[in-house]
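Peer 1: The chain contents come next:
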Amino acid sequence: MKYLDEYRNEELAQKVVGEIRRIVTKPWVVMEVCGGQTHTIVKYGIDHMIPPEVELVHGPGCPVCVTSLEMIDKAHAIARRPDVVFTSFGDMLRVPGSDGDLLVLKSRGADIRVVYSPIDALKIARANPDKKVVFFAIGFETTAPGNAMAVFQARKQGIKNFSVLVSHVLVPPAIASILQSPFNRVQGFLGPGHVCTVMGYREYEPIAERFHVPIVITGFEPLDILQGVLMTIQQLEQGKWDVENQYPRVVKREGNLMAQDLVDQVFEIGDRKWRGVGSIPKSGYKLRYEFRDHDAERIFEVEEIDTKEPEICISGLVLRGVKKPHDCPAFGTLCNPEHPLGATMVSAEGACAAYYAYGRHLQQPNQRSEAKHKTVEEPV
Amino acid sequence: MGSCPIPISDYREIVLAHGSGGKLSQQLIQKIVVPQFRNELLEPLHDGAIFSVNGARLAFSTDSFVVSPIFFPGGDIGKLAVHGTVNDLSMCGARPLYLSAGFILEEGTSMEDFWRIVTSMRVAAGEAGVALVTGDTKVVDRGKADKIFINTSGIGVVPDGVDIAPGRARVGDKVILSGEIAVHGMAIMSVREGLEFETQIASDTAPLNRLVESILAAAPDVHVLRDPTRGGVTSALTEIAQTAKVGIRLNEAKIPISEEVKGACEILGLDPLYVANEGKLLAVVPAESASTALTAMRIHPLGSNAAIIGEVVADHPEFVTMKTRVGGTRVVDMLSGEQLPRIC
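So the sequences go chain by chain: A and B.
So for the first sequence, my numbering puts the first residue at 1; every next one is plus one.
So for the second sequence, my numbering puts the first residue at 1; every next one is plus one.
These are computed hints drawn from the structure, not numbers from a lab.
No residue lacks a Cβ here, since even glycine has one placed at the ideal position from N, Cα and C.
Check the hints yourself; a few may be wrong.
[Said to hold, decoys possible] Across the chosen pairs, the derived CB separations fall in these ranges:
1) B:Phe37 x A:Pro182: 55 to 61 Å
2) A:Tyr3 x B:Glu127: 36 to 42 Å
3) B:Gly172 x A:Leu12: 29 to 35 Å
4) B:Lys138 x A:Arg108: 22 to 28 Å
With the hints as extra help, turn the sequences into a complete structure.
Peer 2: Listed below in structure tokens is the structure:
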């Protein structure tokens, strides 16, 4: 297929791998920020193709994974109400809350529907005026313009029975938080290609400068990832820390200004709790006061919920790149996609689920490329 | 039966994923159903059971159809119901002879729709050369079913010398796929409520019995046949690997897929290896017969795009690996539930 096959070409891929092999002189730890990138890496076996000096660790960029348990439980409390049609992106349905997931609630009679776009949720609201239609507005900056547009249109068209449960998160504060951690091992980043399509990459420049880390904004096809790794290793080997753009066919330095403007009209920046990571200041979006009539948290007044996380789950450490999925004693045994203990096992973009889906739990330890790297001690 | 404790399961209710053809479906059957009826015909969990009656080897199979919408590009629920059981019998190496049909109709369903479906079944049965010889009809209250559900069962005769079973896959065998994958699933997706997108993709639903006859005439030593319906190519091959305790290695670049289906899968974030097919089969064939079988398939209109997509190996027994397009390797595992679209 045009514009896809070119980026999945074996011959070119081998050339880039050869080039990485040629220039690398010592071990480096590179984090791919996005869950979509993790997915590509594991799906195409890229981590097995690159030289052993380069260790890829998986970042926090899976919005489904980092949505806090409190927020999931709030979603469940709202979805259980008989007057509600609860709409969500597909992979949110299997995320375990304190008591089951949305699929189980659906089997018990809750009206829960998968949509591909928040605009579809708006259509459902228009078609069902006697129901309260709620959209679970999660995601990074990538989904924010679409979600903002749905709220904007709802107000403009006077669709009063439409609201959003907002749990938006932002990438730059998460990267900064990883770099500030005393346990940080990450030396370079593959930056989030689709987030930067919307936001541009100016806001990454001060981070690269402050922490002396190269950040290469990278796409999602196998050759994008390999080229992103090559560009990062080139910088690391040369002692540079620039923000570079591997994904210029989509990403511009200033991003999509119209989308940014819309997001700014509807959302404001606030603190946000990340599942497994904790609260990060100024790391999320919330609805502006003018749009309060479409804010599900206000409308349904769900009280504070007492949440329970399984003690054994290390998803927080996986999300920060401190641990790999198979460092977890529960990986592939107690915890699997049929019975996930933590969110990184649920979404296809979660590192644990990607490892599981592509059979890493079936491999002998000596077959795991990651086994060649020493695992760091677990932080307290 | 009433005193038997319910086996421990992760779910207290049936969820949709129990019907997806992946791991939860497998667990539901293995944990709840099989232990109650344990017998040597049931336990291989093949597409049908094969047994002898007065010297004749018969295959017996059943399948239920709940597809929504009931009319879709390339077919309807009636045609699918006939093809489904014809194909399950064919995957036993049998020549399908007789079908039954059970209808569960929702009160209020249009008589016109029912008529269209029944006539479509007549045409499909005629094409496949099977007779519908018995049936049943029930009507339920509005809302207790979704327009129309159909169950079909069928009986066929297994010719002498044919011995097809998932457990017979042997190291060195070649895996042949009869054509482009993921067509049926994407045709259904394209007309599903709330997801309509413009495409020319029409379901590949077709009776595979004549294709199987051609293959068996050319290569009677075929080891396994499987139609990769629910759960797609991946689930079918994983089941074969598990049953035969062998590994299967695929080559992604060799798997036939149309540009349109590939595009639709990309847009919707679905992996075509897990998407349903209704007119395709997988054949596991000894290496020495592979080219004969492949040629026989390619001559037949339903197998014109057939390709050898992989082989049976001694490494990694019970799971399927794939050389990816860019030259990496990964495991291809069964899905645990429904394939859910990803957010980004």
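Peer 1: Of the hints stated earlier, which fail here?
Peer 2: No hint contradicted; all consistent.
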